[in-house]
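2 protein chains.
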Amino acid sequence: MKNKDARLRIISSFVVAPFAVLGFVNYYALIALVSVVTLIASYEYIKFSIEDQKHTVLKLVIPLIITITSLSYGFLLEKNSLINKVDFRPESVFVLSFIGISIAIIVSLKDFNLALPFILNSTLALFWIGFNLSFFYQIYLSFGGAVALLVLTCVWFFDIGAYVVGMKFGRIRISPNYSPKKSLEGVFGGIGFTIAYIILFEIGASFINIFNHPDGTPRAFFDPLTLIIMGLIVAFFGTFGDIFESALKRYKKVKDAGNIMPGHGGLLDRIDGLLFVAPVLYIFLLILI
Amino acid sequence: MKNKDARLRIISSFVVAPFAVLGFVNYYALIALVSVVTLIASYEYIKFSIEDQKHTVLKLVIPLIITITSLSYGFLLEKNSLINKVDFRPESVFVLSFIGISIAIIVSLKDFNLALPFILNSTLALFWIGFNLSFFYQIYLSFGGAVALLVLTCVWFFDIGAYVVGMKFGRIRISPNYSPKKSLEGVFGGIGFTIAYIILFEIGASFINIFNHPDGTPRAFFDPLTLIIMGLIVAFFGTFGDIFESALKRYKKVKDAGNIMPGHGGLLDRIDGLLFVAPVLYIFLLILI
Chain Z
0 MKNKDARLRI ISSFVVAPFA VLGFVNYYAL IALVSVVTLI ASYEYIKFSI EDQKHTVLKL
60 VIPLIITITS LSYGFLLEKN SLINKVDFRP ESVFVLSFIG ISIAIIVSLK DFNLALPFIL
120 NSTLALFWIG FNLSFFYQIY LSFGGAVALL VLTCVWFFDI GAYVVGMKFG RIRISPNYSP
180 KKSLEGVFGG IGFTIAYIIL FEIGASFINI FNHPDGTPRA FFDPLTLIIM GLIVAFFGTF
240 GDIFESALKR YKKVKDAGNI MPGHGGLLDR IDGLLFVAPV LYIFLLILI
Chain U
0 MKNKDARLRI ISSFVVAPFA VLGFVNYYAL IALVSVVTLI ASYEYIKFSI EDQKHTVLKL
60 VIPLIITITS LSYGFLLEKN SLINKVDFRP ESVFVLSFIG ISIAIIVSLK DFNLALPFIL
120 NSTLALFWIG FNLSFFYQIY LSFGGAVALL VLTCVWFFDI GAYVVGMKFG RIRISPNYSP
180 KKSLEGVFGG IGFTIAYIIL FEIGASFINI FNHPDGTPRA FFDPLTLIIM GLIVAFFGTF
240 GDIFESALKR YKKVKDAGNI MPGHGGLLDR IDGLLFVAPV LYIFLLILI
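Protein chains in written order, with numbering that gives the first Met the number 0: chain Z, 0 to 288; chain U, 0 to 288.
For the record, the hints were derived by calculation from the structure and aren't laboratory data. Don't take every hint at face value.
[Said to hold, decoys possible] Within a straight-line C-alpha distance of at most 25 Å, the following computed DMTMM-like cross-link-like pairs (lysine to aspartate or glutamate) qualify:
#, chain 1, residue 1, chain 2, residue 2
1, U, LYS109, Z, ASP255
2, Z, LYS78, U, ASP86
3, Z, LYS58, Z, ASP110
4, U, LYS251, Z, GLU50
5, U, LYS58, U, ASP110
6, Z, LYS254, U, ASP110
7, U, LYS109, Z, GLU184
8, Z, LYS251, U, GLU50
9, U, LYS252, Z, GLU50
10, Z, LYS251, U, ASP51
11, U, LYS167, U, GLU184
12, Z, LYS251, U, ASP110
13, U, LYS46, Z, ASP110
14, U, LYS251, Z, ASP110
15, Z, LYS254, Z, ASP51
None of these values were measured; they are calculated from a predicted model.
Please work from the sequences and hints to get the whole structure.
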């Protein structure tokens, strides 16, 4: 990466970051943030994964349905039940959405050779982007806004650490075929950055009195073992999340998923690690804490 | 279809049907039935959708992971929470499974050109077969075994009605590209058969005292409007479920997904309509009843 690119990247980070942080002030702000990210990222994915140049309407409708699905899931998780008589399970919206998208594709496209790439890639976008990202709702509801913000930002700091340390000391390539730039040294640097960042976040958040449980009582700091496991989870799943998206892009011979953030590529390029980290970190915290 | 085929089809139906019915005697029998069907159907799908002749181990491991996911979801739905401290949402297993399968594929296959068809088709199998079919768990838990059995069997009777009436009176083709044999007359015949079957089922099930709520109290018969809407849901989503699988098969130039039931083709060919009907019928019953 050239020096000008790096500067562009840093500047656009400082522009976008405050908006992302604003999404954690309350649950409805989070739903808005997750929805906007889901809409843009799934549109980027549908656009680069389906080569066919026509059917621009369908390519807009599918990300829109995915976004409405995620949004409904967020509201249903909060209400927990839509209907009083019998338990309505929130995850039903994803199944209904899958069936609805499939029928919409079949009805719009008369040719199954055209329909198939739409079906396969829409299903992937619905669950990979829509379902995985919706775990931020669950993190917020179970652990509060500060932990949700921590999950988002610790992946950023892992990326920064892996990049900086990898540039300086990177020698051992971990995935020459999928993501040639990744080095083992970078991953270890990322783990160090992540753990250091989590500790700083805890101290800072407690200081301004936001490191709390959802009911408002202060939360205890993570113990050293938890910190180390959190660092390892971010490193392992963040790296594989990144490699996963690289595989999808390389298959389609695309470099960046989009161009929404100057110097960063697409939004999908920024959240790929997060899509794998968020659900796993959530379940780890659920079991351990 | 030739006469010999039709006879073979009827005979094998009478062999398989009792085993399917046995799956509804209690919740654990249902988990066993859904697991076996999920395993076979997802194996059939992975086998025909991924042309690559190698990697037979991965092609066995993926259906196995999908089955374990569905099984865990079934048990978690019953327990409702794995961990006492915070609510553990059962649908998390599907997200973890998606991440696990993706990482397993990336690790096993060094070439992303090989990995991509595995990723796309495994994701489809996990959610289309695993997630959709798991709605039988929810139907059982919310409405009892008799209604779950009714959902399964009314799709069978829709198919029989559509086939018989379509053979005799079928003229107007509804989907020449995806499924050339389907006729509008057949669909209407199917709706008639479905409604008639539901009424007979209600009478029969009440007579032997199994048409009950999960708590054992007798359930009221469906009113005429509910019956008509149920018939329409089975017809609409059953037909699209069938067309959906046809699209997947035609794309791969496959006629039958497998050969497990003589005269019927694969198991997936038998449950394709059900995969779309079960979730929609469940949500309809939840809202209406």
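To see whether the hints hold, each was checked on the structure:
For the hint linking LYS109 (chain U) to ASP255 (chain Z), the alpha-carbon distance of about 21 Å falls within 25 Å, and the restraint holds. A C-alpha spacing of about 14 Å is found between LYS78 (chain Z) and ASP86 (chain U), which places the hinted pair at or below 25 Å, so the restraint holds. About 16 Å separates the Cα atoms of LYS58 (chain Z) and ASP110 (chain Z), which keeps this hinted pair within 25 Å; it holds. A C-alpha spacing of about 19 Å is found between LYS251 (chain U) and GLU50 (chain Z), which places the hinted pair at or below 25 Å, so the restraint holds.
Taking the CA atoms of LYS58 (chain U) and ASP110 (chain U), the gap is near 16 Å; set against the 25 Å cutoff, the hint holds. The straight-line distance between the Cα atoms of LYS254 (chain Z) and ASP110 (chain U) is roughly 17 Å, inside the 25 Å bound, and the hint therefore holds. In summary, the hint linking LYS109 (chain U) to GLU184 (chain Z) is supported, as the alpha carbons are separated by about 21 Å, within the 25 Å threshold. At most 25 Å may separate the alpha-carbon atoms for a hinted pair to count; LYS251 (chain Z) and GLU50 (chain U) meet this at roughly 19 Å.
Restraint check for LYS252 (chain U) and GLU50 (chain Z): satisfied, since their Cα atoms lie roughly 22 Å apart, inside the 25 Å limit. Of the pairs offered as hints, the one joining LYS251 (chain Z) and ASP51 (chain U) holds, with about 19 Å between alpha carbons and a cut-off of 25 Å not exceeded. Straight-line distance between C-alpha atoms of LYS167 (chain U) and GLU184 (chain U) comes to about 9 Å, which keeps the hinted pair within the 25 Å bound. Straight-line distance between C-alpha atoms of LYS251 (chain Z) and ASP110 (chain U) comes to about 13 Å, which keeps the hinted pair within the 25 Å bound.
For the proposed pair LYS46 (chain U) and ASP110 (chain Z), the alpha carbon gap of about 23 Å is at most 25 Å, so the pair holds. Our distance criterion of 25 Å between C-alpha atoms is met by LYS251 (chain U) and ASP110 (chain Z), whose separation comes to about 13 Å. For a cut-off of 25 Å, the pair hint linking LYS254 (chain Z) to ASP51 (chain Z) stands: about 18 Å separates their Cα positions.
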